[in-house]
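Visitor: Got chain A; can you put chain B with the ligands on it based on the hints?
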Amino acid sequence: MNLLKKLKEDIRFIEGLNACINCGTCTAVCPAASVSDYDPRIMIDSVQKANEFSIIEILMSNTIWYCGECLSCKTRCPRGNTPGYVIQALRALSIDSGLFIESEQGQKQLAIKRTVGDHILEYGYCVFIDEIDTEMYPEQGPIWDWLKENKESVLARLGANYNKAGSGTLRLTSEESLNDLRAIFKETGANERFRKIEEYSALKAKEMGISFTKGKDDYFKTLYNE
Amino acid sequence: MITSKHYIMNNSIKENNRNKSWETYQKDIADDNYYFARSCIRQNFFPAAEELFLKIISKELGKDIFDDERQTTCTGIAYHSGVIPFETTMTVVARQFALMTEAGYENFVCSCVTSFGIYTEVLETWKHNPSKEQEIRESLKRATGKTFQIPKNLVHTSDLIYKFREEILSKSKFRLLNKLNGEPLRIVDHIGCHYAKIFPDKGIGGAEFPYVLAGMIDSWGGSQVDYPERRHCCGFGFRQYLLKSNRGYSISNSKIKFDSMAPYKPDLIIANCPGCTFFLDRWQYVIAEMEGKTYGENGYGIPVLTYEELAGLLLGYNPWDIGLQLHQVSVESLLDKLGVNYNPLEKYKGLNGEDLGKPEMPNVLKCY
Ligand code: SF4
Ligand code: SF4
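So the sequence lines, in the order shown, correspond to chains A and B.
Take the first sequence: its letters are residues 1 to 226, numbered as in the numbering used here.
Take the second sequence: its letters are residues 1001 to 1368, numbered as in the numbering used here.
With the rest of the complex left out, here is chain B:
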């Protein structure tokens, strides 16, 4: 006979498994002195996010992080689209490591989940094939004269926000609580496939229960939305998104996620990977315009933020100084729930308050 005692025990076994997984998949994250690598997508589509991240790490947390003007792409998008050989990608990665070495750093932090996957994949490949590493060292030397050391610590930018989430909380002006009803905000986290699906032991919480963003939600007072398609891909698909003819792949996969999360009425989506953040924001706009379907409240969309944008908001940064006006889905519903005091008239102003007019409004998706 199953008693309520059994039921409680079973549930706590489940909970235990999850906690065990989080314990097993802890990762070593260096304390200070980071070499920072930018993202192709984050710097274009969320052009304030990386400066905000650097500010949080250096100014708010007092850590040393180096933003090198000589860095470049990791080539990940081109590699995963099939136009760049793996050897090229490995050698470009080796050059990034050489820049880190020359600058006197040992801890490498990159601002893109695709890059994190690339750097990890290169290091794992060299571990299995030391002769490949040698070959790439020689290629890099011939091409650029550079040599390098392998980073002691390789992490994704969100790993740092996760590591310092309690410090960030202690400086925060807001919690992830809905001021309007006192409830924790319901938050969807999207991790991005290449964070932990390729090498589960390299991500906090592994591939089953990735905790990198969930840990921020828990610490900052929100509540996680556990929905059926939580781990499904956003649908980037690399070459599939890059070609207009193939883009249906991308929107269809994002739609699978939206339809699955909608019944849980999320207040916010946060995403780990810059590409995912972009798709989860923009495909809501396209679905609204094409099908008349909106996923947020009253004809608006569900706001989608990167983790550093969320940290910045909680720390009290002006939302229009950290680029939140550049999301196609308006973020005002979230600002109101958090209790952020913002000036709507500043939203579309340029440098020194320059009046730039307002963007056109979509036909269906409501925006501010």
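Okay, chain A solo, but in the shape it has when bound:
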């Protein structure tokens, strides 16, 4: 795979990188830079200078996974670059090439795929109340435990249509709609990306000696928690 060529064909890369003058404006507004070891100016500069060898290093690094996709950088870059878009293209290529599995942060994509990714095809939405508990999301707080314990009664009081056919809040998405989503995922490469995430992760789990099956298995828990 010619990685640089592939990167340069990605529409997010084309729209995201013109020419960087290394001014650092993006870094100044970047929430990821303010809380982690990440600097969009350096990232963009290294991509701008990349050759076929150094791009591999970038795709194997933790760096490309620290961005929070807030896109504050898009408003501010004086050269019309969008570091957050370049990151999207790099992440896509990192998964496509299997290199994501070489970084700790990249490996964690399995946990994202098995939560929001799978939820879309199961519920029609990225998030669904039944999948959220205070063990995985302790910040939900005691009010969430109370809601979950009493969800039928509380949600009915609030006018939701929880788990029922028809329209409304938290309704059951119809099989027909889910089938449309499944067909779109198959047609447009999401299934393929899901498959790659699962397959490379299975190999990594084996190498690390961690049990790998499906759902919230030991490998998922390790990635999600640590």
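Honestly, I wouldn't trust all of these hints.
Stated by the list, open to error - Stretch-level coverage of chain A by chain B, calculated; a stretch enters the list once three of its residues show a Cβ under 8 Å from a Cβ in chain B:
id, stretch
1, 123-132
2, 196-202
Said to hold, decoys possible - Computed cross-link-like contacts, DSBU-like style, restricted to lysine-lysine with a CA-CA straight-line distance of at most 30 Å:
id, chain 1, residue 1, chain 2, residue 2
3, B, Lys1293, B, Lys1366
4, A, Lys148, B, Lys1349
5, A, Lys164, B, Lys1141
6, A, Lys151, B, Lys1347
7, B, Lys1127, A, Lys8
Worth flagging that the hints you see were computed from the coordinates, not collected in a lab.
Ideal Cβ positions, reconstructed from N, Cα and C, are used throughout, including at glycine.
Guide: Below, chain B with the ligands without anything else, positioned relative to chain A:
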């Protein structure tokens, strides 16, 4: 020599710039007949908010808005977390447009700032790359047999509340005034990055002076809190929040905002984006439990509402019928200041007054 006349002039130039920006970044918001798209986060974490929004638009304002049972997510959270290709997102968005077209609508309104960013980004991408639009049309057709028209008008739900803010005011029972001292309530607005930072000309007031929530505060009698980190991200970070191991990203960014707004002693935070509303509510709870620090008065937090929840309160809806008991930060301090007559005994009741007991109280953050 700088005279007081100069000083006043300089200030009015500043004011002028802001007003100019608000004039430049006006946006076209359709008058009626909307196709409504739900949010993943809003319907789960604020499960009364979207029904309330629909009620305000249809019952209070007499507009036509269609809540389609066939709609789905826009996939935005998965896309911004890197597990879904852009082509998939574009095709799911195309399906939503197809549903709108089939239902006979042309005005699309979505209930999530991430979705608003997604829909706008897709339309802008197609504008720059017509061949991409063609490719997605073909993908959608192959996958679902559907075709679509591009919406004539694309807005966020808060844009509608903003547009009709004076009508809402005329029906309101309360103003954003503190009954206890007669002062305007001090209100923090949080816009959400994807509302106007990606495409400033698509948001009311642009990226510099977004006016969508500030306009509601001004019209309804409150006073805006202008604090240093007003435009900073809440810290969702998509994959960063979704992983427990990375969640420090999220709370650290919210904390930057709380610490910056605290000296202004806000009575209320209102947020545009369902994710931001959630984080600004829940991270106050976590910071209290972890560090013993609280940001509201007397050990409570600063109440955080969505714009439709605020509109609902002013219109006189019972706070416990519009889901305000599901915020971890108690809203009672705000209700008392507004003069809302609420029954504390109804707060934790279920359907038909069913007694459901009370949730556990946090150790540090005081709650009702
Ligand atoms: S999109 Fe990413 S790189 Fe850009 S400002 Fe946000 S976190 Fe930083
Ligand atoms: S703001 Fe733009 S030009 Fe400046 S360093 Fe960042 S990407 Fe480069």
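Visitor: At least three residues with a C-beta closer than 8 Å to a C-beta of chain B: is that true for the stretch 196-202 of chain A?
Guide: That given contact is violated, which follows from only 1 residues of the stretch 196-202 of chain A lying within Cβ reach (below 8 Å) of chain B.
Visitor: Next pair to validate is Lys151/A with Lys1347/B; report whether the Cα-Cα distance is within 30 Å.
Guide: holds (15 Å)
Visitor: Could you grab the alpha-carbon distance between Lys148/A and Lys1349/B and see if it respects the 30 Å cut-off?
Guide: holds (14 Å)
Visitor: Within the stretch 123-132 of chain A, is the number of residues with a Cβ closer than 8 Å to a Cβ of chain B three or more?
Guide: holds (count 7)
Visitor: For the pair supplied as a hint, Lys1293/B and Lys1366/B, is the alpha-carbon distance within the 30 Å limit?
Guide: holds (11 Å)
Visitor: Sort out whether Lys1141/B lies within 30 Å of Lys164/A, counting only the CA atoms.
Guide: Measuring from Cα to Cα gives roughly 29 Å; hence the hint holds.
Visitor: Given the proposed pairing of Lys1127/B with Lys8/A, does the C-alpha separation stay at or below 30 Å?
Guide: holds (20 Å)
When held up to the earlier numbered hints, the structure conflicts with hint 2 and nothing else.
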